[in-house]
Structure formats: C-alpha cells, structure tokens
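There are 2 protein chains.
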Amino acid sequence: MQNNAAIISVGNELLNGNTVDTNSTWLCSRLLSVSIPVVYSCAVGDDIEEIKNAIEYASGKADIILITGGLGPTDDDLTRDGIAKFLGVELEYHPDIFEKIKKFFAVRNYPMPEKNKIQAYLPAGTSEIENDLGTAPGIFYEKDKKIIALFPGVPSEMKQMFDKSILPKLKKLALSEVEGSAQGDILVVRKIRCIGAGESAIAEMLGDLMKRGRNPLINCTVDCGIITLHIIARAGDKNKAAALAQEDIQRLRGILGKLVYGLDEQTLAEVVGKKLLDAKKTLAVAESCTGGLIVKMITDVPGSSRYFTYGWVTYSNESKVSELGVKKELIEKFGAVSSEVAQAMAEGAKRKSGSDFAVAVTGIAGPDGGSEQKPVGLVYISIASPDGINTEKFLFGPRDRDFIRLRASQTLLNLLRLKLDI
Amino acid sequence: MQNNAAIISVGNELLNGNTVDTNSTWLCSRLLSVSIPVVYSCAVGDDIEEIKNAIEYASGKADIILITGGLGPTDDDLTRDGIAKFLGVELEYHPDIFEKIKKFFAVRNYPMPEKNKIQAYLPAGTSEIENDLGTAPGIFYEKDKKIIALFPGVPSEMKQMFDKSILPKLKKLALSEVEGSAQGDILVVRKIRCIGAGESAIAEMLGDLMKRGRNPLINCTVDCGIITLHIIARAGDKNKAAALAQEDIQRLRGILGKLVYGLDEQTLAEVVGKKLLDAKKTLAVAESCTGGLIVKMITDVPGSSRYFTYGWVTYSNESKVSELGVKKELIEKFGAVSSEVAQAMAEGAKRKSGSDFAVAVTGIAGPDGGSEQKPVGLVYISIASPDGINTEKFLFGPRDRDFIRLRASQTLLNLLRLKLDI
Chain A
15 MQNNAAIISV GNELLNGNTV DTNSTWLCSR LLSVSIPVVY SCAVGDDIEE IKNAIEYASG
75 KADIILITGG LGPTDDDLTR DGIAKFLGVE LEYHPDIFEK IKKFFAVRNY PMPEKNKIQA
135 YLPAGTSEIE NDLGTAPGIF YEKDKKIIAL FPGVPSEMKQ MFDKSILPKL KKLALSEVEG
195 SAQGDILVVR KIRCIGAGES AIAEMLGDLM KRGRNPLINC TVDCGIITLH IIARAGDKNK
255 AAALAQEDIQ RLRGILGKLV YGLDEQTLAE VVGKKLLDAK KTLAVAESCT GGLIVKMITD
315 VPGSSRYFTY GWVTYSNESK VSELGVKKEL IEKFGAVSSE VAQAMAEGAK RKSGSDFAVA
375 VTGIAGPDGG SEQKPVGLVY ISIASPDGIN TEKFLFGPRD RDFIRLRASQ TLLNLLRLKL
435 DI
Chain B
15 MQNNAAIISV GNELLNGNTV DTNSTWLCSR LLSVSIPVVY SCAVGDDIEE IKNAIEYASG
75 KADIILITGG LGPTDDDLTR DGIAKFLGVE LEYHPDIFEK IKKFFAVRNY PMPEKNKIQA
135 YLPAGTSEIE NDLGTAPGIF YEKDKKIIAL FPGVPSEMKQ MFDKSILPKL KKLALSEVEG
195 SAQGDILVVR KIRCIGAGES AIAEMLGDLM KRGRNPLINC TVDCGIITLH IIARAGDKNK
255 AAALAQEDIQ RLRGILGKLV YGLDEQTLAE VVGKKLLDAK KTLAVAESCT GGLIVKMITD
315 VPGSSRYFTY GWVTYSNESK VSELGVKKEL IEKFGAVSSE VAQAMAEGAK RKSGSDFAVA
375 VTGIAGPDGG SEQKPVGLVY ISIASPDGIN TEKFLFGPRD RDFIRLRASQ TLLNLLRLKL
435 DI
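From first to last, the protein sequence lines are chains A and B.
Quick note, our numbering runs 14 ahead of the 1-based positions in the first sequence.
Quick note, our numbering runs 14 ahead of the 1-based positions in the second sequence.
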C-alpha cells in the first residue's frame, strides 16, 4: 500500500449540525503539502463502539489515520476508550502527564478540576503527543508502517500539535517513499483565484484544459463570487509536479487575464494590501451596510497598519453627516442608499483621512428595509482615488444578509484592485 | 429500519483541504429539526466509481441519503454519473429543464455557455429538484421507502432547494413514523451558550448531569472561549422530549448563572443587541486591534441599526487623535496600547456619538508588534456606560492573530452584556 491517509472526526456535535468540521479540512491540506493524499474522511458520534468501528474501517483504506475530538476531560470524551478497544488494550495512568496537567492550572492560577485526571491516561502501547496550549495530550501509535494519531478537537491545539509532532514524521515518511520508487506519484496542488465571471463562463474559456484525465487536473469551486481553480499536478517527483502546475498557472493566467486576482491562499484583501504597499499609498474606508466587514477583511492581513488608516462604520444618518461630512440635504433628497451619498461618503473619508484612496459602500443588506425602488441587495460602491471618483450600482439580491454583505465587500475590494492595477 | 440519514459530500476540494464542508453540518442540523438523526457522514472525491461506492455504503446504513456537490456544468462534476451508475440507469435529456437554464441566462443578459446543457440531463427514473438561484437542478429519487436527494454544492442554492422541496417531504415522513409507534424515539437538541469559565470547570459544576447514558444527554464543545452545552433529549414524542430538554435548561441555568449568555443559535452580539433594545439604549464602538470585527459581529444582527450608531476603526494613532479626540500626549506617554488610551477612546466615542454606551478596544493582535512589556495578545477593553467607565487588561496570547481578535471581540461583548444586566 502507498502512503495515504484517512481522517476521522469524533463528536456528536458534528452529526447534530452544531459544529462545522474545519479540522479535517485543515488536516487534508497539511497532508497534501507533504504529498500524502487523503482517501477517506468521515464523522462519527461520541460512542466507543462507533469510534472503534470507524478506526477499523479506515485502517482498511489507509495506513495513516488521523483522529480529532473526544480527548477532553468530560464524560462525553470517549476517543481514548475507542482506540483502546480497537487496539485491544487497557488505559494506563501516566503520572508524568498528570504533573503537566497540574502545572497547566497552577501557572494560570486556577484550581485543577478533578475531572482533568482522566487526561493522564493513555492506551497501553501508545505514547503522548505533547499539547502546549491545553490539558488534553494527543495519542500516538505506530506499528508495521501503520500510524494512528489522535488530537483534541480544539482547532488551535490540534494544529499546533500536528505541526510540531506529527508533520515532521510524515514528511520523512513521504520522502522515504519517493526515493528510488517510481510507483508512488507525487501530487502538487496550486490554486488560481478569480473574480468577475461565472463558473461556466470560466470553464468555457478554459475549454479542453478542464477535461478529466488531463494532467494537471483542473477542478473548479465557487464561493460567493470567488471562483477557485484547483490545479492538481502528478509526477514522479515533487519538482516535476510543481513545474507542471506552474506551467498551467502561466497558461491560465494568459487566458483569464484580469479575472485572476491571486494564487493559492491569497485573499483579495491581501492582494489589495500588497498593491497599496508597493505603490506607497494609503487607504480609508467608510462603510454602511457592510458594517465593518470590509475593514475586518483588510485588517485580517498582518501588517495592514502600514496602509490602512481610518475606518468608519456610519450606520446612522447622523454619523454619515457628523463623521464624513455628508450633507444632510443629500440624504433627505436621495436617501442614505444612493449613488450621491456613496460618493459623498468616499469624498468625506478621503478628505478627513488625507489618504490616497478612500472607498465607501451603502446599501440594503436586509432582511428588512427594502422597497420596490430600492430592493434588498441594492448596493452603491464608490472609490475615490488620486485621479477622481467612481461610483457604481449593484444588485446582489434577493439573497440573505450574510451573502449580500460579503458579496458587496468582495466586489468593492475587487474594484479597488482593478483601480490599483492601472 | 427507522428513519435515519446519511450525508455524502462530493468534491476533490473537500479532500484536498481547499474547502470546508459546511453543507453537511447545515443538513445535519436541518434533519435533526425534524427528528431524523444523521448516522454517517463522509466526503469523497470527484470520481464516478467513488461516488457510486459511497452511495452503496451509505444505503446500508440509512434510508435517507443526501448528497451535495458535483452537479455543476464543468467536467469535474460527476455526481450525475455516479448516481446513474448506482441505479444502473442512463442519463436522459430533459428539454424543459434546458429551457429553464436558457431562461436563467437570458434574464441576466448573459450568453449561455454550451457547457450548461449537461445540467438538463437526469438519471432515468429520477426527477428534478428545482433550483431558483442557479442553473444546476437537483435530483430526487424515491423507491421502497428509500430516498436519495442530490443538490449542487453551492451552499445558498443547496439550502434553498432543501428547505423548499425536501424538508416538507421529510417532515411528513418523520411524523408518519411517530404516530402509533413507540419504537422510534424522537430527539430534541437544545443548546446553552456560556462564556467566562473553562470546559472542565463547567463540567465540575454540572457533576453527574453529564454522565453518559443519562437522558437528556449533555455534550460539551468549546470554540474560542465559548462553551456550548448540547442537551439531547429523547422521548416517544416531540413534546415530551422538548419538555425534558426544557427542564434541563432551567436546571443548568440555575447552576451556571451569569456564565450562560444565551440559548440555541443566539450569538453574544444578538443578546447584547436585545438588551440594548429592551433598555432603549444606543451603542458606539471604537476599535483598534480588532479592526472592525466587533462592529461586524454587532451588525450581523438584522435590525442592529436600531441601537448601533457609530463605529470607528482607528488603526493609526492620527485617527485616534482626530476622530476620537484622544490626546496626542497620552499616546506618546503610555503608548497606543494602554489602559489610558483605551479609556480615552471609549470616552471620545461616547462624547462624539452621544450614545448611551461606548466601548473601545486596543491591543496587539500580532504576529508582529509585540515586546517584552507589551506582548502579542495584550488587549485593553474599556466600557463607558451612563454610570461611568471601566477599563480592563487581558492577555490572550501567545496565540495567532485571528484567535486574539476573536477572543478580544467576544470578551468585550460579554463585558457589555454583564454591564447591561445590572
């Protein structure tokens, strides 16, 4: 069997619809980064028998099994017992682990709840994966080229533990597999991020490049106006696969032109930030309907303080007047959601902040507040640049509040990107 | 077999770590709302054989199978073929569906790409699930009390289609199962949302209430400081189960007191908003390190314009001075991240907005900008209320930027909630 992996996510909350499983997605991406493909992923409830069955089933499909969730201190945390049952062993008490747990609480000046002692138990024949951020140790098992690694479900703890303790092992494993063996193909995945055209229009532009069986394989996903092309290249070694993917990136960029805003994990806000930084320009933002989302996206980027200066969320008419200097008569005449007010907001933001660029958005995010003339989803976006000011009207409805706010924010960032290209 | 369900998510992007599968979580929650438990959930790649195998395996575990993804117009959309193979039938062309697809483009004044014609094909013996928001119709199959329903992977389309076309059918099915039959237990899940104590401290307070086998079963999940207790009540009919869950809610509220901020899907921002509305008070927000996230969370709530007035993201020192009237000397003496500046920001926001409450936050979200005296994760939160002003210092690090920003925002909202309780 080649090195491939399966992921099991444990927790009733995953099957009850209470929690989105972001852990498995993150692990898939990390595994692919060391060329280990995930062939199976599933979610099971907090039940010893179910956990045991899932491990059994997964061990028939993959030789690396990663399990998250169910290692906490409470009675619904049963993954320790599930893996012990699968291995046919008992749980063993580890006084050294208990010392670490006690210390964790002591450092924070909290009394240690009795419940936490259970976390010092590991199935016989397994070892601890250290957890620097919490009290739940992970569990590691390796035998006959099979690896099973268990992590707590708390994403920040799981990620840190995986990267520190397991990823280096897997990297070594993946490399040892490659040397001298032509049978194990290496996968390299790159992404091209597009905005400004629909999925099928982009597919038509690409034509036969998206045919099944082609290498690289090109897949397409859509998320709120962002089209992502996944370029999956296969080759006998990593450099060849990377070169194949890179050729496709060049080819697709040539075909798609301005529709492409970035590569891999780049966000629109990151790309805009980089362009501002390169051009040594600053940006101010005045938001109404997006309510802080645009600034939030911009400041998600580390170092954004180097180009982002002022942000206003002028939700009320009074704040548009007092903070941005929008004329009261303008709001009375055209309404707060109008091309005129959007433009006045951008002008006010530019004037007050002294920034090179200022953007503004006003609209109706819903669910209430729409009318026949001004329906939910109506949004005006204005961009004031050193060369002048542009205001555009958009209809993003009928959709829900979250969609309209996100779509308006993405669209504004994209218009700003195109403006910065010139 | 009882009515239970399995969910299959199709798409290479799910196993490549490129896309988080939120569809299955949403479907789990919707199914539970009509008392249909999900017993299995998995993700498979874009491959006809894999899709067929997954349907086969799921059909051994559940009698309702919901499948999302792979119904688009591009060559990597193979779910149509996978289900046809499972059913052992051919794809058939439906001219009426093709007319709808053509109309979809005509209304939007776009030329229809040729690729979209494939979406007018359905496996023989299945019927269309109408899609009002996109071009991909869903596919419905029912035979011998088995149901298979397929939806496109685009969340907004899938959700609208499920709610409109499938949920009513399932509701009827679930009800028919209950009448006169004591064997099928009904599940009701309620949630209690807490903030202000850790998972094991809360588990200790609850003691035996969290024991396995108890009815209701109480599960616990943690997400960035928010502890959610899931109360899963079982009974022969829905009213009895709901009453059992309600009794536990009362009991847990009594034990946990102020740690409980809300129930079910309530967010902190919603709870704060309701309290402001009830008290007829208004709120202004001045953010630095959280960069718009707090206002974004507040304005996620429909109708928030009734209490939220002014928002500033004063990222630069100049904007703190010019927009909030923070004294320049104060920043020079204590630094932008200090108790003094946080307080001055809140005071300035209250004065300038004329709101009843004003909150402010300043801190170091990282990854850069930390020092020994002021490490990454240091955050000051200030709340100006009609009774005066309170400023508190927090250490949320060492953690990543996203965690620190979210934790700071949640903490601020929680402090405001407690203040509004008095």
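The set of hints was computed from the structure by calculation and includes no laboratory data.
Just so you know, not all the hints are guaranteed correct.
The list cannot tell twin chains apart, which means a pair is met if one copy fits it or any two copies do.
As the list claims (entries may be wrong) - Straight-line alpha carbon distances no greater than 25 Å define the calculated SDA-like cross-link-like pairs of lysine to any residue that follow:
1) K342 x N331
2) K407 x F348
3) K407 x D146
4) K342 x G402
Going through the hints against the structure:
1. K342 x N331: within (8 Å within a copy, 29 Å between copies)
2. K407 x F348: within (14 Å within a copy, 45 Å between copies)
3. K407 x D146: Between. Shortest inter-copy distance 24 Å satisfies the 25 Å Cα cut-off; intra-copy 50 Å does not.
4. K342 x G402: within (23 Å within a copy, 32 Å between copies)
Comparing the model with each earlier hint shows no violations; every hint is respected.
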